[in-house]
Amino acid sequence: MHTFRKFTYDAWLMFGRTVREATRNAGLAFVAPVLLSLFLLVLFQGVYGGIADAAGWPTGAFIDWIAAGAVFVSVFVGAGYTAGGLLRDLDSGYLLRLRLLPVHPGAVLVGKVAFEATRAALVAAAVLGLALALGADNHAGVPGFLLVVGLAVAFSFAWNGIFYLAALTARTHAAVLGLQPIFMPVIMFSTFWVPLSFMPGWYQAVATWNPFNPVLAASRSVLLGTALWPHLAIAALVMAGLAGLTYTVAVRRYTRLTAAT
Amino acid sequence: MRDLLTGTLLTFARQARQAARDPGPFYVLPMLPAQLMTVVFIALFERIATLDRFGDTGYAEFLVPGVVVLVALLGAGATSSSLAADLRGGFFLRLRLLRSPIGAQLSGRLLFEAVRLLPGTAVVLAVGLAFGAQARNGLAGILVVMALVALLGVAFTGIFYAVAIRTRDPQTPFTLQPLGLPLAFLSTALVPLAVMPQWARTLAQLNPVTVVVDGSREAMLGQLWSAELGWSVAVLAAWTVLGVLLARAALARDMARS
Amino acid sequence: MTSTGSLVAGRPAAVREVPDPAIEATDLVKRYGDVVAVDGVSLRVPRATIFAYLGRNGSGKTTTVRMLTMLSVPSAGTARVAGYDVRDAARVRACIGVTMQEAALDPAMTAVEHLRLVAGLSGLRSRQARAVAAELLDSFGLAEAATRRIGTFSGGMQRRLDIATALIGGPPVLFLDEPTTGLDPQSRRALWAHIRTLRQQGTTVFLTTQYLEEADELADRVAVIDQGRVIAEDTPQGLKARFGRTRMVLDHDGDLDRLRTALPGRNVAGGGPGRSVVLLDPDTASGSEGAQVLSVLEQVRAAGIEIGALSVSPPSLEDAYLRLTGSAITTGQDQLADPEAGL
Numbered sequence: 015m016h017t018f019r020k021f022t023y024d025a026w027l028m029f030g031r032t033v034r035e036a037t038r039n040a041g042l043a044f045v046a047p048v049l050l051s052l053f054l055l056v057l058f059q060g061v062y063g064g065i066a067d068a069a070g071w072p073t074g075a076f077i078d079w080i081a082a083g084a085v086f087v088s089v090f091v092g093a094g095y096t097a098g099g100l101l102r103d104l105d106s107g108y109l110l111r112l113r114l115l116p117v118h119p120g121a122v123l124v125g126k127v128a129f130e131a132t133r134a135a136l137v138a139a140a141v142l143g144l145a146l147a148l149g150a151d152n153h154a155g156v157p158g159f160l161l162v163v164g165l166a167v168a169f170s171f172a173w174n175g176i177f178y179l180a181a182l183t184a185r186t187h188a189a190v191l192g193l194q195p196i197f198m199p200v201i202m203f204s205t206f207w208v209p210l211s212f213m214p215g216w217y218q219a220v221a222t223w224n225p226f227n228p229v230l231a232a233s234r235s236v237l238l239g240t241a242l243w244p245h246l247a248i249a250a251l252v253m254a255g256l257a258g259l260t261y262t263v264a265v266r267r268y269t270r271l272t273a274a275t
Numbered sequence: 025m026r027d028l029l030t031g032t033l034l035t036f037a038r039q040a041r042q043a044a045r046d047p048g049p050f051y052v053l054p055m056l057p058a059q060l061m062t063v064v065f066i067a068l069f070e071r072i073a074t075l076d077r078f079g080d081t082g083y084a085e086f087l088v089p090g091v092v093v094l095v096a097l098l099g100a101g102a103t104s105s106s107l108a109a110d111l112r113g114g115f116f117l118r119l120r121l122l123r124s125p126i127g128a129q130l131s132g133r134l135l136f137e138a139v140r141l142l143p144g145t146a147v148v149l150a151v152g153l154a155f156g157a158q159a160r161n162g163l164a165g166i167l168v169v170m171a172l173v174a175l176l177g178v179a180f181t182g183i184f185y186a187v188a189i190r191t192r193d194p195q196t197p198f199t200l201q202p203l204g205l206p207l208a209f210l211s212t213a214l215v216p217l218a219v220m221p222q223w224a225r226t227l228a229q230l231n232p233v234t235v236v237v238d239g240s241r242e243a244m245l246g247q248l249w250s251a252e253l254g255w256s257v258a259v260l261a262a263w264t265v266l267g268v269l270l271a272r273a274a275l276a277r278d279m280a281r282s
Numbered sequence: 011m012t013s014t015g016s017l018v019a020g021r022p023a024a025v026r027e028v029p030d031p032a033i034e035a036t037d038l039v040k041r042y043g044d045v046v047a048v049d050g051v052s053l054r055v056p057r058a059t060i061f062a063y064l065g066r067n068g069s070g071k072t073t074t075v076r077m078l079t080m081l082s083v084p085s086a087g088t089a090r091v092a093g094y095d096v097r098d099a100a101r102v103r104a105c106i107g108v109t110m111q112e113a114a115l116d117p118a119m120t121a122v123e124h125l126r127l128v129a130g131l132s133g134l135r136s137r138q139a140r141a142v143a144a145e146l147l148d149s150f151g152l153a154e155a156a157t158r159r160i161g162t163f164s165g166g167m168q169r170r171l172d173i174a175t176a177l178i179g180g181p182p183v184l185f186l187d188e189p190t191t192g193l194d195p196q197s198r199r200a201l202w203a204h205i206r207t208l209r210q211q212g213t214t215v216f217l218t219t220q221y222l223e224e225a226d227e228l229a230d231r232v233a234v235i236d237q238g239r240v241i242a243e244d245t246p247q248g249l250k251a252r253f254g255r256t257r258m259v260l261d262h263d264g265d266l267d268r269l270r271t272a273l274p275g276r277n278v279a280g281g282g283p284g285r286s287v288v289l290l291d292p293d294t295a296s297g298s299e300g301a302q303v304l305s306v307l308e309q310v311r312a313a314g315i316e317i318g319a320l321s322v323s324p325p326s327l328e329d330a331y332l333r334l335t336g337s338a339i340t341t342g343q344d345q346l347a348d349p350e351a352g353l
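Residue numbers (this note's numbering), protein chains in the order written: chain A, 15 to 275; chain B, 25 to 282; chain C, 11 to 353.
Please keep in mind that the hints were generated in silico from the structure rather than gathered at the bench. Hints are supplied without guarantee of correctness; some may be wrong.
Taking beta-carbon pairs under 8 angstroms as the criterion, some of the chain A residues facing chain C (in silico) [what the hints assert, rightly or not]:
#: 1; residue: Gly107
#: 2; residue: Tyr108
#: 3; residue: Val117
#: 4; residue: Pro119
A virtual CB, placed ideally from N, CA and C, is assigned to each residue, including glycine.
If we strip away everything but chain A, and leave its shape as in the complex, we get (with noise of 0.2 angstroms):
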């Protein structure tokens, strides 16, 4: 009955409703992000743009240091999207609909996450372009752009394992809201602003550990055109690890939700 291709359907179907629910709130999922994104890259070029002048910096302008980190901003902003929706699944009612209906569980899930990661492309690409179109540098060209896409992609899989797993353990909207700031630790205390070099010596020693900085790192690199591959394994290692704890735990609770009780 749950032959693959049923499931790939269901799964596209899911997706499609996903899609149609985010366009209505357009502005949340895609606009606010790329603009929030824009006005750091526009803002702190222009206004902290100096310190690349400073002796030992290894870009040429600040946005070249920055723009690696714009383009993860915007899946920062927006992220657990479709983590709240599978709450409001919940609540609705709407997930016993799906029960009753010869559909595998796992299709919903698969149809959420996947336009989490299409929504991530679309955002990532859209600030990108800004970047480059604003001045930063880009040494590898379309693979390279493709490729820090794909980062981006990658990325929002694994962070957004944390809304799925705040959701499906407290089962509250409270609980996936809040979650959203924590981005903000992540991106202040990391390599998003400065090099560790930069940066004064107690702050260097609370950054030097942020899990963030690889996939930094990696994307840097490829712009950059700079050592890629080591950069490139650690940030996979890293996203590997958190989807990896997330979603096993997401899953099973996931599962159990929705068997028979």
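Position chains B and C relative to chain A; hints supplied.
Below, chains B and C alone, put in the same frame as chain A:
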């Protein structure tokens, strides 16, 4: 009049109880962005201030009275959630039947908005002082700044109410949160006018937040009672009135429709 | 609602002919900790009939339906639906349509989006899905509201949409949990007409209800459930005849005691000023209904009591329920048992 006062206090108390049960979005969240920015920017960008584009103020003392308004800009509006929920749940229908003054629902909440931002503001200022900011007018200056932030929160919340009434969506505080960002960035909160690119400078000069930030900076670093402070209060008063009018109009329309 | 077109649409190929009985449950038990919600329920629902499961809130109706639709796993007992054991959830789900007490809809979608999506998830191809959706919207009078968001629908419209959803794929077995709760009388009757048509087309309908009139009017067989047990099962007529009592309402001079003396051994109660009610025992040892009525009238006349108006009502399902469960189906604050009583 007395009914309005009683209603206001009751609404205030109700919001206070709600906030006590769920302190995160009410007390903690508003101060987080401002807090982080204070720490990060002072730590990372202090050196730029020395690249003499900031005049003769130290970067930390320049930044703190400005970044503190982000507590209001990124933290206001939490009370709009219960407003939307009440409308959706039919509570307002009951109020109308009881002939209870509807205005009290707004004023009570606004009063709470003014109060709830104070703790977060205090923390941001304290941390800022620890990182090198100056309070040249001592405690008086700090109190004036806190009052300004509270008033800004009240003024800014008006739009949240108008939207919450229109959409009846309890998630309104979250969906509108990004609105505070351009208001914050395109003002003198984080950088002086002289350092901004031309286009940003023009926008900042039109931004009411800039006036408030100037008043805040003067109170902390210059003259306690200054012309800038006067302008700040005037702008905030006008902004508040506008917000309340918008909210009341939205309520009237909502009642006419139902 | 408009008259029904074909309500049977796009049946998936895997469904085989439904055997008789279409639904079969044997000693179903459901425990939640110490509470036993369903205590040994056995049912047989013949194919192409309407079966009503009658009981008040908390009697175990919904729990039974949840077990038959595999939302809950029985603590004990077995069940077969549409010829498959309920544990073969995937196969059974392809053969049934279900509506629960709360309409299970997404308020952000439009009606037509919702129906098309469910049709797609039920295995219908895109073009078929669209056709089925359009047809159902039409049948249930929702065609005009098709492109509006479900969140803007009234409660009645949502319920109609929910039921329409259950019909997608033309399932041979339908479970309707309190389908007409909250509907106005007109919509209720229209829905009854739909359900009768479905039965005519071969669908087996299992519905739970608190409305005595609904069970009476609609069902081929009724099972009365109370405190987790089926305490009686029969046709509506059978239940009335076996457990209901004929009512005689007599207008007289109002002396209840005198009336009681005149009718020893009879159930006599006051029915308001100048009126009394005599309930006749269905036990045939007392004689047929007609004979009993005559006997009562003779006794009353022999006692010299003048009778003004007189009415004789056949046994009602309400009375049968009362005698079976020991209390009325409504308990004050509860939902209406028969909203048209007294009309």
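So, going through the hints one by one against the coordinates:
1. Hint status for Gly107 (chain A): holds, given a least beta-carbon distance of 4 angstroms to chain C, under 8 angstroms.
2. Restraint check, Tyr108 (chain A) versus chain C: the minimum CB separation of about 5 angstroms is within 8 angstroms; hint holds.
3. Satisfaction of the interface hint for Val117 (chain A) is found here, the shortest Cβ-Cβ separation to chain C being roughly 5 angstroms, below the 8 angstroms cut-off.
4. Interface hint status for Pro119 (chain A): violated, as the beta-carbon distance to the closest one in chain C is roughly 11 angstroms, over 8 angstroms.
Hint 4 from the earlier list is the only one contradicted by this structure; the remaining hints agree with it.
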